[in-house]
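Enquirer: Residue numbers (the UniProt record's numbering), protein chains in the order written: chain A, 1 to 160; chain B, 1 to 746.
FYI, nobody ran anything at the bench for these hints, they're computed from the structure.
Glycine included, every Cβ here is placed at the ideal spot set by N, Cα and C.
Watch out, some of these pointers could steer you wrong.
[Claimed, not checked] Which stretches of chain B does chain A cover? Using the computed rule of at least three CB atoms under 8 Å from a CB of chain A, they are:
{"hint": "1", "region": "2–11"}
{"hint": "2", "region": "15–26"}
{"hint": "3", "region": "178–190"}
{"hint": "4", "region": "469–476"}
{"hint": "5", "region": "614–627"}
{"hint": "6", "region": "655–663"}
{"hint": "7", "region": "668–679"}
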Amino acid sequence: MKISLIVNGTLWQGDVEPRLLLAHLLRERLRLTATRIGCDTSFCGACTVLLDGRTVKSCTVLAVQADGGSVTTAESLAGDPDDPATWHPLARAFRAHHALQCGFCTSGMLVAAAGLLAGDPDPDEDAVRHGLEGNICRCTGYGRIVDAVTGAAAEMRSAP
Amino acid sequence: MTGHEPRREDARLLNGGARYTGDIRPDGCLHAAFARSRVASATAVSVDVAAARGLPGVVAVLTAADLDLKDIPATLGHGRPAPPAMTRPPLVRDRIRYVGEPLAVVVATDPYLAADAAALVTAAYEPAPVVATPAAAEGGPPLFPEAGSNLVLPAVTIPEGADPDLDRWPVRVAVELVSPRLAPTPMEPISFLAAPGPDGRLTIYCGHQAPHRLKRQMCDLVGLDPAAVRVVVPDVGGAFGMKAQLYPEYPVVTACAVRLGRPVAWDQTRTEQFESGTHGRGAYERVELAGTADGRIRAARIEILGDVGAYPHNGSAVPLFMRLMAQGAYDIDEVAVTTRIVVTNRAPTAPYRGAGRPEAAYGMERAVDAYAHAAGLDPAQVRLLNLVRPDQMPFRTHTGALYDGGDYAAALRMALDLAGTGEVEAWKAAGETVGLGMCVYVERSNGDPAGTEYGSVTVHPDGTVVARSGSSALGQGHESVWSRVVGDALRVPPSTVRVVQGDTDAVPAGTGSFASRSATVGGSALHNCATAVREQLRDAAAKLLGVPPGELAGELGGLSVAEVAAAVYAEGGRLFAEQEFASGAQNFPYGACVAVVAVDLDTGLVTLRRLVAVDDCGVVLDPLVVEGQLEGSLLQGVAQALFEEVVYDGEGRPLTTDLATYTLPTAPDAPGYVTGRLVTPAPSNPLGVKGAGEAGCIGAPPAIVNAVLDALRRYGVTDLRMPLTRPGCGRPFRAPVPPRCRRCSR
Ligand code: FES
Ligand code: FES
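All chains should be built: construct the whole structure from the sequences, respecting the hints.
Expert: Structure follows, in structure tokens:
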């Protein structure tokens with residue numbers, strides 16, 4: 001099937017099999033590999049993207065369902081690795097709080113957190129924990145991720 | 001080095017620059033998928049691949065008969081041979097031994113097509129009896145008839161001939177415990193890519209914990225020339241032991257790439273990982289303690305039954321690690337440990353974070369609590385009375401470990417202080433169903449004392465530094481920490497140090513990152529090399545300035561590293577040192593964990609009100625990195641106590657096959673962590689470091705279970721089985737409702 005969608009602000013058009021998952025379209029066809037795949041039951045959240053501003057697990061969305069939509073992946077949050085000033089406040093906070101170890105869950109966490117803060121710029125700890133409930137991290141124990149998101153939220157609120 | 005520095009690897013991991021194996025796909029890459037057994041035990045297996053071969057896009061479908069691969073040898077770990085008949089064919093030849101065992105490989109142009117074709121592979125077979133539990137293994141139908149029995153290791157007692165007489169003591173207790181099988185579940189499933197290059201060499205990409213070992217294994221099993229094979233470890237999405245293993249899929253995919261002359265990738269699905277392992281833990285233990293009425297434990301008899309699943313490989317070492325640590329943190333006059341290891345019709349096991357130490361600590365710490373209650377004493381008092389004292393260090397246990405220092409009682413006291421015992425008593429007095437439980441653990445890091453790690457340090461003519469390590473990172477942050485270790489010893493800014501790891505072409509030798517050995521041996525090798533190169537620099541600077549080396553003003557007599565390096569290289573010299581470092585000893589981190597829980601009597605819901613961990617892993621290289629290891633490990637311990645278990649039915653069929661049926665904690669499940677630190681430098685390595693990654697998962701489970709028992713003891717509950725959310729363990733509660741996990745109870 002022919003579909004067209006906006007990915008990180010750029011139009012993509014192509015022919016896809018009806019069964020192709022959005023996660024695979026992003027990773028294999030568009031080579032946007034920051035969207036990662038950690039499970040086959042929609043539990044891990046490593047594949048989290050924003051679809052028309054809503055947080056979705058891209059392994060649970062068919063590429064054809066995203067036809068006409070706008071997808072935001074973790075790549076869109078990236079800055080220049082050598083210049084922390086260009087990083088997304090969430091990325092800076094994740095580093096400052098040591099909220100990542102292996103980094104495999106991190107793209108999904110960043111996107112889910114960005115989605116969460118877009119809807120609630122000042123979440124309390126409980127809201128952050130529940131807002132990230134769909135994302136599994138096996139390395140950190142979560143506390144530092146929660147602190148990083150709260151810290152970034154404060155910075156983003158005070159930004160002009 | 002002191003203090004935390006932002007991690008260097010975070011810059012790429014946070015900005016779309018990470019490259020895990022699954023992100024690397026060369027042009028023309030083919031995709032492998034495996035057809036797997038759906039039964040746990042069968043003979044006379046014949047695999048039919050005709051339908052799969054007919055599918056468009058399928059390049060090859062291969063069975064054991066098509067691929068000439070050597071069997072994977074059976075081992076007891078550490079190179080010790082297991083019964084030779086228990087070898088493993090990479091693809092099923094004629095006998096199936098567990099659900100999920102690979103029958104055939106499909107290679108196709110697209111992963112969806114490969115999976116389609118794998119689903120068309122069928123197998124004809126004769127059903128065979130199933131050994132579904134370790135208890136049924138001994139005396140049960142042998143998985144390997146030529147081996148004669150299912151015993152990988154028949155009952156062996158250490159110390160040899162030990163037979164303590166427990167009956168002569170007034171207080172005697174016995175506990176029987178299970179440390180359930182767990183799925184390590186790094187968030188990145190296994191991914192493996194074998195890519196033949198135009199130069200005829202084969203490059204293997206895999207998030208492996210021991211790339212040099214993987215290279216040797218592939219050369220051996222597939223029959224390749226070591227000079228023509230390179231193994232690269234890109235970013236790794238967590239490992240926890242399971243990525244140090246030799247999976248049968250590795251030689252199969254390697255052989256496919258060689259045979260087809262094209263890159264072949266295999267991305268394990270999470271379900272494949274749950275079904276085919278490796279799994280960790282899976283230990284059955286009986287601990288008997290005996291001693292005096294005033295709380296002095298004098299004798300212990302411990303029996304261990306280890307289940308290694310269908311094929312004994314590295315998993316066989318785990319019950320032996322458990323045996324080594326079975327005496328725990330205590331000074332006990334007489335100890336006897338009897339260990340048996342069996343095969344079952346379940347997925348193979350392997351070391352998983354902690355590997356034997358959590359099982360050992362769980363047994364001893366549950367038994368010590370039982371002892372305290374039998375004697376009518378406070379569990380903390382009994383521990384303080386029996387812990388090995390600092391003046392007894394180094395302390396040789398009856399099981400052969402040489403504890404290398406520390407103040408175990410101080411760790412317990414600090415943990416109890418941090419937990420706020422007074423407040424817990426007040427909650428109890430107010431009628432709340434709360435409990436406090438504790439654990440004092442000793443663990444061992446640097447698994448094989450004779451094991452070496454390669455390191456080298458080069459200062460280039462421009463003054464930049466390259467550090468090469470045979471131990472590559474799995475997410476711990478080697479780039480950051482190694483650059484600081486080298487920078488400190490060389491007296492140069494860490495930012496000038498480039499770290500090279502995870503590439504068998506770029507690093508001449510290596511053992512790997514497992515058994516909490518990286519800092520101990522990998523870090524020490526780099527420290528020693530950097531120290532040697534610093535001497536080279538100082539000698540060269542002194543020569544340049546015409547002064548004796550001892551009389552240099554400042555570090556290099558006012559010269560910069562680049563000036564000295566340029567001069568050295570201009571004269572045809574070089575600044576380089578390499579070493580294969582062995583510490584010659586294991587080291588023994590220790591600590592204490594205290595859990596405070598509240599139990600909802602109607603639902604069985606366990607809430608962690610407080611989780612305290614005090615750890616001593618020797619000198620700390622980076623406090624936040626170590627803290628991160630401790631917290632992450634604690635949560636894995638919490639999950640073991642409350643949520644996780646790999647479950648099989650009576651036919652050997654796995655019932656936990658994905659993240660929907662195997663519960664991993666998410667952010668709302670995680671407690672806050674209260675941590676404290678003691679520092680007793682390790683005597684056996686120049687950095688004074690001990691392993692930091694495993695403490696939490698060792699200390700948390702016994703502390704939590706002891707806490708829940710403390711809360712429920714007044715209701716007559718004296719035993720619980722992990723995980724505490726398991727249906728059925730609610731029976732002794734007031735209401736006949738089983739405990740549930742937080743996720744389902746909402
Ligand atoms: S890959 Fe999408 S939720 Fe796990
Ligand atoms: S950092 Fe490894 S899974 Fe989260």
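Enquirer: Could you tell me which of the numbered hints above are not met by this structure, giving the numbers in increasing order?
Expert: No numbers; nothing is violated.
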